[in-house]
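Taking the hints into account, I'd like the entire structure generated from these sequences.
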Amino acid sequence: MDLSAINPALLIASLMVAATPILFAAIGELIAEKAGVLNLGVEGMMIIGAVAGFAVAVESGSPLLGFAAAAAAGAAFSMLFVIMTQLALANQVASGLALTLFGLGLSALLGQSYVGIKPPKLDTFDIPILSEIPGIGPALFSHDIVLYFGIALTFVIWSGLKYSRAGLVLRAVGENHDAAHALGYKVMRIRILAILFGGACAGLGGAYISLIRVPQWTQGMTAGIGWIALALVVFSSWKPLRTLLGAYLFGGITVLQLNFQAAGVAIPVEYLAMSPYLITILVLVILSADKSGAPAALGRNFHASR
Amino acid sequence: MIRLEKRSQPSREWSIATPILAVLITIIVGAMLFSAIGKPPFEAIRTIFWDPLFGEFAFYYRPQLLIKAAPLVLIAIGLSLGFRAGVWNIGAEGQYIIGALSGAGVGLAFYPIEGLYILPLMVLAGAFGGWLWAMIPGLLKVKFGTNEILVSLMLVYVAEQLLASMSLGLLKNPEGFGFPGSRNLQQYPSAHNAELIAGTGMHLGVVAALIAVIFAYILLTRHRLGFHIRLAGEAQRAARFAGVEPNRLILFCLGISGALAGLAGLFEVAGPAGQVSIDFNVGYGFTAIIVAFLGRLHPVGILLAGALMALTYIGGDIAQSNLGLPSAAIQVFQGMLLFFLLALDLLTNFRIKFGKSEVA
Amino acid sequence: MKISNLLTGVTMTLALSTGAMADPTKVGFVYVGPVGDGGWTYEHNQGRLAVEEKFGDDVETVFVESVAEGPDAERVMTQMALEGADLIFTTSFGYMDQTINVAKKFPNVKFEHATGYKRADNVSTYSARFYQGRAVQGHIAGNLTESNIIGYIASFPIPEVIRGINSAYIHAKKANPDVEFKIIWAYTWFDPAKEADAAKALIEQGADVILQHTDSTAPQAAAQNAGDVYTFGQASDMIEYAPNPRVSSIIDNWSPYYIARTQAVIDGTWASVDTWDGISTGMVKIGEITDAVPADVKAEALAMIENMRTGDYHPFTGPLKKQDGSDWLADGETADDGTLAGMSFYVEGLTDTIPE
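Chains as they are written, first to last, in the numbering used here: chain A, 3 to 308; chain B, 0 to 359; chain C, 22 to 377.
Think of the hints as simulated: they come from the structure by calculation, not from any bench. Do not rely on the hints blindly, as some may be mistaken.
[What the hints assert, rightly or not] Just some of the chain B residues that point at chain C, by a computed CB distance under 7 Å:
#1 A35
#2 Q63
#3 V281
#4 I317
#5 Q319
All values derive from a computational prediction rather than experimental measurement. Built from N, CA and C at the ideal position, the CB exists for glycine as well.
Here it is, written out as structure tokens:
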């Protein structure tokens, strides 16, 4: 065992990269859930984003264009969920699962010609001055721009939910859609926007895997990260800043476990791998004590017929 | 503008017509998809829907349909009771795994003793394992009010890790040259859930699925508890007045769905699959959720939906082999089928009106 | 039971008649992953394509991809047999019992099961001595490393993987006595994100050569980003990462075997065998050693390959001790195939513990 082999700065840097896809997907799902929509199709939307972002980045040579396309593709794909749950009023759980199944198949079909290709590289963006701090500078402040965007987005959403009128309306719709409707809010429109936003974020997260974290395209490459994102939303009790923290924790557990292994620490891999889920359940139990937890209308469809 | 108007009663005609309509639309769009990727569309559709039932080798595929549909139906029946009552167990995959692990564990503990009592004990252990795993979200919901959707989902991943750990460790076949995976229960007669009549596909799991369908049907139509379940899902306040105890109902629904999922896992591991291995679970627990909704949460509907899903799996594999269709295309096709089936259910509960829109 | 006999009878006659009627020899392949995985299944599919190319219209091949181990696999094999396949390759260890089951029902269809240990009159097994390739990798890696730390991304703690680690370690140690192996068990054969993270963790802890026993090219990409790190292609050549970081590779080259076995079925000479081939028959192919490797090291590696091809050199040649210090092989003694097939111990010097 040689724990000194683990370089904390590098560990933090790769932890941040590992956490970013989860963060994007989770923050998008958080908005959807805040509006009362439970979309279990995160994995499907992520993989669509992964393949679309990859394809556009390769064809155009621009990774940033790839990310834009991934967001657009993720949102477009989530339109299916919109049609299912908001227009056809189908059950959200079943629709979300179908979305994942469909997305995995579709992405494999679309991506056939992109296997074994290397995508253009997105340069790191060194934040001036800060990145020169010895030790933590390169670890924290020398990443690609998309990673920073993810963090910034989290803060924007945090303040938006907390301080803006739009945030208030969103929460109202998620807590009690009948009341929100009675107050004159357009429940369906708000939920559609929330779902689309969730799709765009999941798409970004997927593209972050195929363009930066791995980077390559292979079918099924999201390998369950969408499901971790779903857990993360709960773990963070629908609070954006906790989502950020949680993403680093979840990403951190993976990276840390690999680092421990490399350093020769004998750890029971399976049991460590289940820990995020167990912790999430624990958090759920603790949260149930304070009533600020899950949006009350989560997963329930709304139809303004009365 | 198009406007939806809720029917006072779900339409019987539409509830029968929509699945047929959905399959027809899927066939048309699917044919377009297949021809778009350069495969013969009509042949592909025929291979998926017709050949397993009436083709040259239907004598083999028909029993396979039972084997493939049985776990789906068994799990979906249990889930549907909860879904009707507004209890959302989406962790059947985990309960399926735990059922298989505990059932197989009991069987392997007896190895190599032979005895007629071993399989019944395994069945009990399987049901108990699934029940226990479902009781975790159940008790947490009753005691603390935690969301059972999320807890049961999280427990799926815990169960998957346990499965990996067991097939690499405790349950590993000592005569397996170090490879992961347990002994094959098919080669241990006392623990083998064999076909009751060879060549028919009828193993205990199929029988259990059929019994579950009948049981659920009677429960929902004839029994007070079934009435309570429906009442709790449709009108919570009325349910309270009718003397429904929500907590007991929650525990009942989660317990029964967990036990059935556990049973499905046990029958699978002791029968068609034969052994505990890392990739033992193939998503039946999740597919069963879709099956439950495709069957409109009705026992007979679930039976048909399970058969339909099984058909597309089996037909899809035949199409892969005979026509060279990529498995991804089959997945897309299945996804479309689900979307159309789910979306068209709208027509059962709503009337579409053309006229000025009042609400957005 | 009468009905069962009847049904099996029908099955067999049908299989017989279709087998006799169908003129081209029909060969089926059952894959555990998608053909686009770029690794294990991809290479098996390359073998299938080689069979098609070699025999042209005389052979028809069919395949089904992403077949789950268990009843699905059994059904797909039966389906192929029913549809008149004469020869079926089942390409995953987890298909073992299913292959045996189906083979019992179709005595006239030949089955070939990859990496398993159960045979029957109409079931052969085949596997590759990838550890020979690992020996070459170990030798190159031991010479290339400057930090003396070699990272190893392992999949599952099974004999195949443990054998590879041992073989690589023995030869790395021979080339460089100070070498140290850092091993990560990824518990997956294919998860690009996790493999990339594992590679990064190893690199960050000082490894400047990465060996992988997982199938994606993610570690290659991670090494490329890090710079100054060497890697080896796994399962497929991964040539797109040559000349650097990928300096060589182990290629699962199933084509010669698949062609030979198909030919045997056509000729009517097929018999059940247990094949464990390596470099000598070309089943294990060493991908081009690039110029990033110093010329003398490359020459030594090529000599080692040649000696393994002729059978003059066995990667597990004594004196060798087990990790616990107990004797394993005496001086000059070579390991027997039985021990190798079930290998579940490390050789002396490795500091990792095999997870339970």
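Evaluation of the provided hints:
1. A35: Violated, because the Cβ-Cβ distance from B/A35 to chain C comes to roughly 19 Å (cut-off 7 Å).
2. Q63: At 5 Å from the nearest chain C Cβ, B/Q63 passes the 7 Å test, so the hint holds.
3. V281: holds, 4 Å
4. I317: Holds, about 6 Å.
5. Q319: This hint holds: B/Q319 lies near chain C, its Cβ roughly 4 Å from the closest one there, short of 7 Å.
Checked against the numbered hints above, the structure violates only hint 1.
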